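Each chain, letter by letter, is given below.
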Amino acid sequence: MTEPIKYLSQPKFNNPALLVCWESDAGQLGEKVVDYLVHELEGKTVCEINLVDFFPLGGVTIEKDITLFPQSTFYFIPDRDIVVFYSTIPRYEWSKFFNLVMDVALETCNAREMFTIGGMVAMGAHTAPRESWATFNSPEIKRSLTYYQLSREMDYETPPGARPTLNSYLLWAAQQRGLHGATIWVPIPFYLVNNDDPAAQKKVLEFLNSRLYLRLNFARIDAEIMRQEERLARLSQEQPEIGRIIKKLEGNLALSETENETLIKEVEECLEKS
Amino acid sequence: MALVIHHEPDLNHPVMIVGWPGIGNIGLITADSIRQAVEAEELGEIEPWELFFPNKAVIRASILTQMGFPTSKFYYKKLVNRDLIFFIGEEQPATRESMYAEGPRAYEMANIVLDVAEKFGCGRIYTSGAAISLTHHTLKPKVWGVANQKSILTELKNYPNTILMSQAEGRGSQGGITGLNGLLIGAAKNRRIPGICLMGEIPDYLSRVPFPYPKASLSVIEVLSSVLELNISPNVLNDMISQMETVIGNIYQQFPQDIRERLEQRKQVPESRQQTTITEEDRQWLNEHIDDFFKKGEDKGA
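Protein sequences, first through last, are from chains Y and U.
Residue 53 is where the first sequence starts when you use the working numbering, and the numbers rise one by one after that.
Residue 649 is where the second sequence starts when you use the working numbering, and the numbers rise one by one after that.
Extracted from the complex, chain Y is given alone in its bound form (with noise of 0.2 Å):
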């Protein structure tokens, strides 16, 4: 029998956070938070939850000649407050693997609190000011993060037909284990959601940085921000019909499904070749 958990490392905790981040996020938002963190702090991986019972392994996906694997594994970042877990979105038993993430959180590293994030499509441009908000697992996450003003005070039910976000979910499962938890959403263009979308990583960035005093160094993502801000400037003069689009969403006004579509598929060009 294979354990559901391969242990790789057994580092100290001291009642860390725990981070989960989802792979194929709006805006390349969990795979990009993720990589800064491990990459910029020297993140250690800690274990993996086996894959056989939440993915179909009969082969490979290839996405651009690329193939894709799912994972799921832990890092621990030494001297820092935090671990990160980072996984594939599973396919099936997500109770089962909802109860293994919470069984390494608690019993492993003994974590206080959780973050999720999440990335959440929005009609506005990206030169538009980002504002993160939060839904929370329990009344007392929700006061400790009073200072970080993640709350609109939302009301919201599922409508018939859909479902809750795997985050609301993981929310509800770290409930029933007693673990204070919260989803950190940010709003993502809805023209750089299929793309990387630097100024909305920067803004989890820069809530986990304040809230787990982490001494981020924020260079490498300041020049990327600039680095995409440039290059869509370019593309709005190089095409005063992109320019007109996205002066039109700066102004809050609704594109058409043309106007829509020209602009997902520009932008996306534009970044994929640069």
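Keep in mind the hints are simulated off the structure, nothing from the lab.
On a predicted model such as this, the values are computed, not experimentally measured, just so you know.
Each residue gets a CB set at the ideal place from its N, CA and C atoms; glycine is no exception.
Take the hints with a grain of salt, since some may be wrong.
Dumping the calculated BS3-like pairs for lysine-lysine here, alpha-carbon to alpha-carbon at most 27 Å [to be verified]:
id : chain 1 : residue 1 : chain 2 : residue 2
1  : Y       : K148      : U       : K704
2  : Y       : K300      : Y       : K317
3  : Y       : K194      : U       : K704
4  : U       : K704      : U       : K721
5  : Y       : K148      : U       : K721
6  : U       : K767      : U       : K837
Covered by chain U, per the in silico footprint, the following chain Y stretches (three or more residues, Cβ under 8 Å) [claimed, not checked]:
id : stretch
7  : 140-153
8  : 182-193
9  : 204-213
10 : 218-230
Pairwise CB distance ranges (calculated) [stated by the list, open to error]:
id : chain 1 : residue 1 : chain 2 : residue 2 : range
11 : U       : K767      : Y       : A306      : 45 to 51 Å
12 : Y       : E209      : U       : Q797      : 43 to 49 Å
13 : Y       : D87       : U       : A685      : 56 to 62 Å
14 : U       : Q815      : Y       : S308      : 53 to 59 Å
15 : Y       : F65       : U       : A685      : 55 to 61 Å
Take the given structure of chain Y and dock chain U to it, following the hints.
Just chain U now, with coordinates in the frame of chain Y:
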């Protein structure tokens, strides 16, 4: 996967009626309508956490206050002639990509349902589902039957408005029932519990639409009402049927005329339907466009 039984009623050789969602929700509507008509009481449930992705999150003032999961409940009713147990599953335990159950979880769930059937001494299990047929939506759906033991085929042949699956539209002896409605009577066979699956006809051109087809459920209800002497009102689904007939009628009018003409022939010769099938090309066209028709129907407030 935990079973929770709330009551231990003393039941007299009950019959179990099972319904899960599927094409046209025919099985689910059948079982649930009978359950409501006889005013059955809750008996127990299968806990959902290990089986399902949640179907409802409730957030109040930014705090997650509730997470809802699809229910899988047992009900019972003591009657003069025979007692009944119902099992109503809001969803089949499936992956996010498919609505039909398969694999170990599905088999496990089927066995829990059968454990309850055995615990209360059920002598018969009925499941129900859809029979995709070359019928027309204005015709009364027939019911196709399949049994899990040869000894009950003769009884099944005598059910009203019912034909054996092998005799339907020249199908021959081969066939299959997808999902738990089929799996359950298969697993029941291994436990020697007699089981019958009754499938209400749904026109092939409506089999992919995401809406109920209560007319077929009514045909199955009539059969069960008759063989189990339940005296269910034939008007039990009137409102739902008339609502769906309006929707379907509107969409049907949007089919290209040549397809509609071929489908109309089915009304004239219901006994030789295999000769009035639409072409593969027409079928492909309908499959590609049927969702659009329903969207248009919704826009019109249908």
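Do the hints match the structure? See the list:
{"no.": "1", "hint": "Y/K148 / U/K704", "in the structure": "19 Å, holds"}
{"no.": "2", "hint": "Y/K300 / Y/K317", "in the structure": "17 Å, holds"}
{"no.": "3", "hint": "Y/K194 / U/K704", "in the structure": "21 Å, holds"}
{"no.": "4", "hint": "U/K704 / U/K721", "in the structure": "18 Å, holds"}
{"no.": "5", "hint": "Y/K148 / U/K721", "in the structure": "22 Å, holds"}
{"no.": "6", "hint": "U/K767 / U/K837", "in the structure": "16 Å, holds"}
{"no.": "7", "hint": "140-153", "in the structure": "holds (count 6)"}
{"no.": "8", "hint": "182-193", "in the structure": "holds (count 7)"}
{"no.": "9", "hint": "204-213", "in the structure": "holds (count 7)"}
{"no.": "10", "hint": "218-230", "in the structure": "holds (count 5)"}
{"no.": "11", "hint": "U/K767 / Y/A306: 45 to 51 Å", "in the structure": "59 Å, violated"}
{"no.": "12", "hint": "Y/E209 / U/Q797: 43 to 49 Å", "in the structure": "46 Å, holds"}
{"no.": "13", "hint": "Y/D87 / U/A685: 56 to 62 Å", "in the structure": "59 Å, holds"}
{"no.": "14", "hint": "U/Q815 / Y/S308: 53 to 59 Å", "in the structure": "56 Å, holds"}
{"no.": "15", "hint": "Y/F65 / U/A685: 55 to 61 Å", "in the structure": "59 Å, holds"}
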